[in-house]
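Q: Take the two lone chains, each set in its own frame, and fit them into one complex as the hints suggest.
Chains as they are written, first to last, in my numbering: chain Z, 1 to 234; chain R, 1 to 368.
Simulated from the structure, these hints should not be mistaken for lab results.
Ideal placement from N, C-alpha and C gives every residue a C-beta, glycine not left out.
Just so you know, not all the hints are guaranteed correct.
Said to hold, decoys possible - No farther apart than 30 angstroms at their CA atoms in a straight line, the calculated lysine-lysine pairs in the DSS-like style are these:
id: 1; chain 1: R; residue 1: Lys187; chain 2: R; residue 2: Lys48
id: 2; chain 1: R; residue 1: Lys216; chain 2: R; residue 2: Lys60
id: 3; chain 1: Z; residue 1: Lys154; chain 2: R; residue 2: Lys48
id: 4; chain 1: R; residue 1: Lys216; chain 2: R; residue 2: Lys48
id: 5; chain 1: R; residue 1: Lys187; chain 2: R; residue 2: Lys291
id: 6; chain 1: R; residue 1: Lys48; chain 2: R; residue 2: Lys60
id: 7; chain 1: R; residue 1: Lys278; chain 2: R; residue 2: Lys258
id: 8; chain 1: R; residue 1: Lys70; chain 2: R; residue 2: Lys4
id: 9; chain 1: R; residue 1: Lys258; chain 2: R; residue 2: Lys189
id: 10; chain 1: Z; residue 1: Lys154; chain 2: R; residue 2: Lys110
id: 11; chain 1: Z; residue 1: Lys154; chain 2: R; residue 2: Lys71
id: 12; chain 1: R; residue 1: Lys216; chain 2: R; residue 2: Lys246
id: 13; chain 1: R; residue 1: Lys4; chain 2: R; residue 2: Lys48
id: 14; chain 1: R; residue 1: Lys112; chain 2: Z; residue 2: Lys154
id: 15; chain 1: Z; residue 1: Lys154; chain 2: R; residue 2: Lys70
Unchecked claim - Computed far set for chain R versus chain Z, every beta-carbon distance over 12 angstroms:
id: 16; residue: Gly40
id: 17; residue: Gln111
id: 18; residue: Thr222
id: 19; residue: Ser301
id: 20; residue: Asp317
id: 21; residue: Leu334
id: 22; residue: Val344
id: 23; residue: Thr355
What the hints assert, rightly or not - If you want the footprint, here are the derived chain R segments under chain Z, 3+ residues with CB under 8 angstroms:
id: 24; region: 87–93
id: 25; region: 98–106
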Amino acid sequence: MELLYSMGHYFMLAASSNPQEGEPWFFEPFFAYLVRRWDRILVMTLEHFELILVATAIAIAIGVTVGVIISYYEPIAYPVINVTQVLMTIPSIAMIAMLIPLFGIGFNNGVAALVLYMLLPLVRNTYTGIREIEPAVLESAKGMGMSELRVLTKIKLPLALPVIMAGIRVAVVLGVGIGAIAAYIGAGGLGSLIFNGIERVNYPMIWTGAIFISIIAIVLDLILGWGEKRLYRY
Amino acid sequence: MVIKLENLTKIFQPGDAPAVDNLTLEVDEGDTCVLVGPSGCGKTTTMKMVNRLIEPTDGKIYVENEDVSKKNPIQLRLNIGYVIQEIGLFPHMSIAENIATVPRELRWPKQKIQERVDELLSMVGLDPELFRNRRPSDLSGGQRQRIGVARALSADPPLMLMDEPFGALDPITRSYLQNEFLRIQEKIKKTIIFVTHDIDEAIKMGTKIAIMREGKLVQYATPDELLSAPADEFVVNLIGGNYSIKRLHLIRVEEILKEPFTVSPEDSLDEAKEVMEKSQLELVLAVNGEKHLEGLVTPSSLRKEGERVGDVMDTPDLTVDSGATLNDALSVMLTNGEGYALVVGDENRLQGVVTLNAIMEALQDNEK
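Extracted from the complex, chain R is given alone in its bound form (with noise of 0.2 angstroms):
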């Protein structure tokens, strides 16, 4: 689903200067273009355009070649999925009744929409058992955010249209949330169109980064360009300092996962002083048979009574999902003032460990 913009203007009152001022812009498909910059600089407007909740004083807007302009606004919104800050769930519908909007519309057999459902709300990470029949209020706003996403992949749009999607969370659910939308989107490859503020998440989430000022278009790039080679001082003003912490939001932690070294609860404690001698991380994991992560063994836990290491292992604390970057990581070992975090997968299955060492070389890697 390619999506071309060409020479879009808007102008709200006659005499106001232009929201979006000429603007031309190509998404690849599969892309996830984010449109950045200051609030007024016609972000939101360039997005609300290509489903043509606004209409253009000027311009053309093409997705997969078609000018939107001649198809019916109805059919072209349910084929692009849409999202915003603000969710907009339907307060007296249910979760599932919410989720089924746009199947609804598109007059899918019941059948389907609820399998359709279900697949959606595991999907995101709830229980459709637990989840279904609930109502939006009894929601947290990170569960709303969401059901806010599986609502707009219901009838699997090609392309996905995000306001500020996770704008209005606490910093933690926010990045777990962005995380998770990583993962779900290596799996569906959408293009999305992504309106944000915060350069930081345009950084971590885009593969492509529009900067606007004032309508206008400043520069086009990925995240890597935008960072070594920044347009103009605005552009640098905007990403602020600190480069290098930037790059920190490019990398993802599974890039430099380090195979951990494992013992099984079940193993005695000299095997593992065994396994540990061998790691020089002074650090050993404790794995059930299929990969989940129970526990973990530091020289400290070996010097305790007990003959199994099940008997003296510590709970692990310092754990990272696999999609999460290696800011998360980072922050995640200085707040316990560790030099790893223990990167886990679906279901607490153990996939490797992040070193502050690793982190350091993948940056001087990338700074070449």
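Same shape as in the complex, but just chain Z (with noise of 0.2 angstroms):
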């Protein structure tokens, strides 16, 4: 609906400033702007990606620690996905608002709260990747003579990949979207067309934001999608 509402909107905008009937709405004034700012959009698609691939390592490296940990300690397990899992539910704008005192405003507030929304999948699924492992492989493999470490580099953590990876893939796609919301801080990226596009009424720069971002979440989900079936090869 709302949707309909503003391009009935974008469409009357465009009908006042070019009067001519059968003026083009949409393709012709969003490849101008393509064409005209093609500068500008690549280097905020590349701030975009730079927020994303900042957020999930330091995503990976504290979710996956986490989830290795609480698969040692059964009675935390729960608790802790619990608190991953209320972070999630904070709407981002709030997520964003209570980091400022920590963070300031800019890239690092955003990398920090995306990081925050992209732990559940990546605690979530460590945790269950190990915990699905047949028991029966853990135990030969400790009878045999694997040392704990051993067995979880060797063991534990190449059969949880595949798992791992859906959750990888679950943060990443879910920090493209919500990394737009942190250009309102200024963290840059996408996200700023469409902000920057609202204040000014600037249509052709909202649709370049949603597009981008859209293509951006579709093909990430795409690449890691193959690379997490390459991974179930047993």
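A: See the structure below:
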């Protein structure tokens, strides 16, 4: 409904600035904008990728570590997963606002917010991936004389990897969307196009931001999905 | 490798009945000690205390006169082969990598590991070329269990722990793998602690049998002693009836083999007839120069048209391998309604013939 309304509004706007009948309202202004500002769009796309990459790297480091730790301390597993679940229910704009006292505004705040959102799929999938390994596999590994560290690195993590990869995929796609909101506090990225576009009632700008964010999400999802399938070789 | 268990006790939860209760047991070098009893009798717990997967509440275990509780558990386990019913192959590794687990932990050089893997694959009857690079999920249950045994043998440990290793297999595969393992064990002479709930398997595999009940040792004896002098009612019930039939598990076909009468597929039918008259069996076997079994000649095949033995002989299907027990041979005879079974060794090489009469004679001798 809202979309229809904004499209109608856009059409009216386009009509008022270009009073001629049959004037194109979407493709031509949109492509004209792409051609005119491609350098800026490219920079913002790269910024967006940077935000996602940095946040994903940190979130994997923290999330997998936490997932591994709670797989050894069963009683704290569900409390920890619940905490990450609560983090995920906080509205993104509220999360970013709450992090300002800690990280100020800008890129770091954006990364911190994304990391907190990405924790749930990573922690939960690492934990589940390890717990779902057939007990006989772990028993035989231990019984043959592998140390706990060797069992973790040679058996548990490789076997949990497909499940962890599925978590990374969810986290990344989630991050691409929430990353757009982070532009509100100056973290950069394609979200800036949307916020600036709304302020200036510049529809080609909004479309560019929205479409590019969607494309990034879809492309990353496809790539990671392909990678995930490659891991299921056994 | 002598193993001594001294007053071994395990209590899992304070207040609970002990899972293993003051157990004292000695396993001699080269023995296969089978722990057998109903589920919950503490046999697996006992076995797992030997490689310290479970720590005893009380008592001591000595492996080669060394107290295992004073040894580093990792070092201890690397020197003890371990096979479990579910096998627990690593699904993300190739067969070769699976078998190489312990040598890799011991940091053997690559070349030595590769040679050892191929040697073990051949030993358990799988072609290294074909199986080296496969994944566990590509294999059948019987093949997986062979890999499990090969993996446990990889660093040539003097002691093996086996927890119902053949329990999850169908009866035919199970008996086949049991025979094969007995044949391997004859060559490698490991000290083995073997857990099972199947008394037939215990009688077949064990040189010593330890019967357990509610954590206590009821009887510790050779299979023969066990069958002739069960300690109490519990042991009698565990063995069940049919003592003579159980004895069939104790004797191997090798012990009662008869030299077969053989001809070559190139021989003429008249020659075959001559040989058949000499044998009282009405059975002549066709073998080639290297004693590979080629075919079977019976009076009915001699009545067929043809010039040479090769033209008229039948395919031999009543075969058992040389590690088989009398029980296996008898089962083949009963299934096919014939009074004989052919014993073949490696590469289908004919070793002899077992007849129904020979089985009966062997049992009578054994009873005395």
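Q: Does each hint fit the structure? Answer for all of them.
A: We went through each hint and held it up to the structure:
Using a Cα cut-off of 30 angstroms, the hinted pair Lys187/R and Lys48/R holds, with the two alpha carbons roughly 26 angstroms apart. Between Lys216/R and Lys60/R the alpha-carbon distance is near 16 angstroms, which keeps this suggested pair within the 30 angstroms criterion. Annotation: proposed proximity of Lys154/Z to Lys48/R holds, straight-line Cα distance about 23 angstroms (limit 30 angstroms). With a C-alpha separation of about 16 angstroms, the suggested pairing of Lys216/R with Lys48/R holds against the 30 angstroms cut-off.
Distance hint between Lys187/R and Lys291/R is fulfilled; the C-alpha atoms sit about 23 angstroms from each other, no more than 30 angstroms. Between Lys48/R and Lys60/R, the direct Cα distance comes to roughly 13 angstroms. Compliance with the 30 angstroms bound is thereby established for this hinted pair. A C-alpha spacing of about 14 angstroms is found between Lys278/R and Lys258/R, which places the hinted pair at or below 30 angstroms, so the restraint holds. Straight-line distance between C-alpha atoms of Lys70/R and Lys4/R comes to about 15 angstroms, which keeps the hinted pair within the 30 angstroms bound.
For the given pair, Lys258/R sits about 27 angstroms from Lys189/R by alpha-carbon distance, which is consistent with the 30 angstroms threshold. Proposed proximity of Lys154/Z and Lys110/R is supported: the alpha carbons are some 18 angstroms apart, at most 30 angstroms. Of the supplied pair hints, the one linking Lys154/Z and Lys71/R holds, its CA atoms being roughly 24 angstroms apart against a limit of 30 angstroms. Restraint check: the Cα-Cα separation between Lys216/R and Lys246/R comes to about 24 angstroms, which is no more than 30 angstroms; the hinted pair holds.
This hinted pair checks out: Lys4/R and Lys48/R have alpha carbons roughly 14 angstroms apart, not beyond 30 angstroms. Restraint check for Lys112/R and Lys154/Z: satisfied, since their Cα atoms lie roughly 21 angstroms apart, inside the 30 angstroms limit. Our distance criterion of 30 angstroms between C-alpha atoms is met by Lys154/Z and Lys70/R, whose separation comes to about 27 angstroms. Every C-beta of chain Z lies more than 12 angstroms from that of Gly40/R, the closest at about 19 angstroms, which supports listing it as non-interface.
For Gln111/R, the shortest C-beta to C-beta distance to chain Z comes to about 21 angstroms, beyond the 12 angstroms cut-off, and the non-interface label holds. Against chain Z, the non-interface label of Thr222/R holds: every CB pair exceeds 12 angstroms, the least being about 28 angstroms. The non-interface label for Ser301/R is consistent with chain Z: the shortest C-beta to C-beta separation is roughly 50 angstroms, beyond 12 angstroms. Non-interface status of Asp317/R relative to chain Z is upheld: no Cβ of that chain comes within 12 angstroms, the nearest being about 37 angstroms off.
With a cut of 12 angstroms on Cβ distances, Leu334/R stays outside the contact zone with chain Z, its closest approach being about 36 angstroms. Val344/R, annotated as away from the interface, keeps every beta carbon of chain Z farther than 12 angstroms; the closest lies near 33 angstroms. Residue-level check passed: Thr355/R sits 43 angstroms from the nearest beta carbon of chain Z, beyond 12 angstroms. Counting residues of the region 87–93 of chain R whose beta carbon lies closer than 8 angstroms to any beta carbon of chain Z gives 6, which meets the minimum of three for the stated coverage.
Requiring three or more residues with a Cβ within less than 8 angstroms of a Cβ of chain Z, the coverage given for the region 98–106 of chain R holds, as 3 such residues are present.
Checked against the numbered hints given earlier, this structure breaks none of them.
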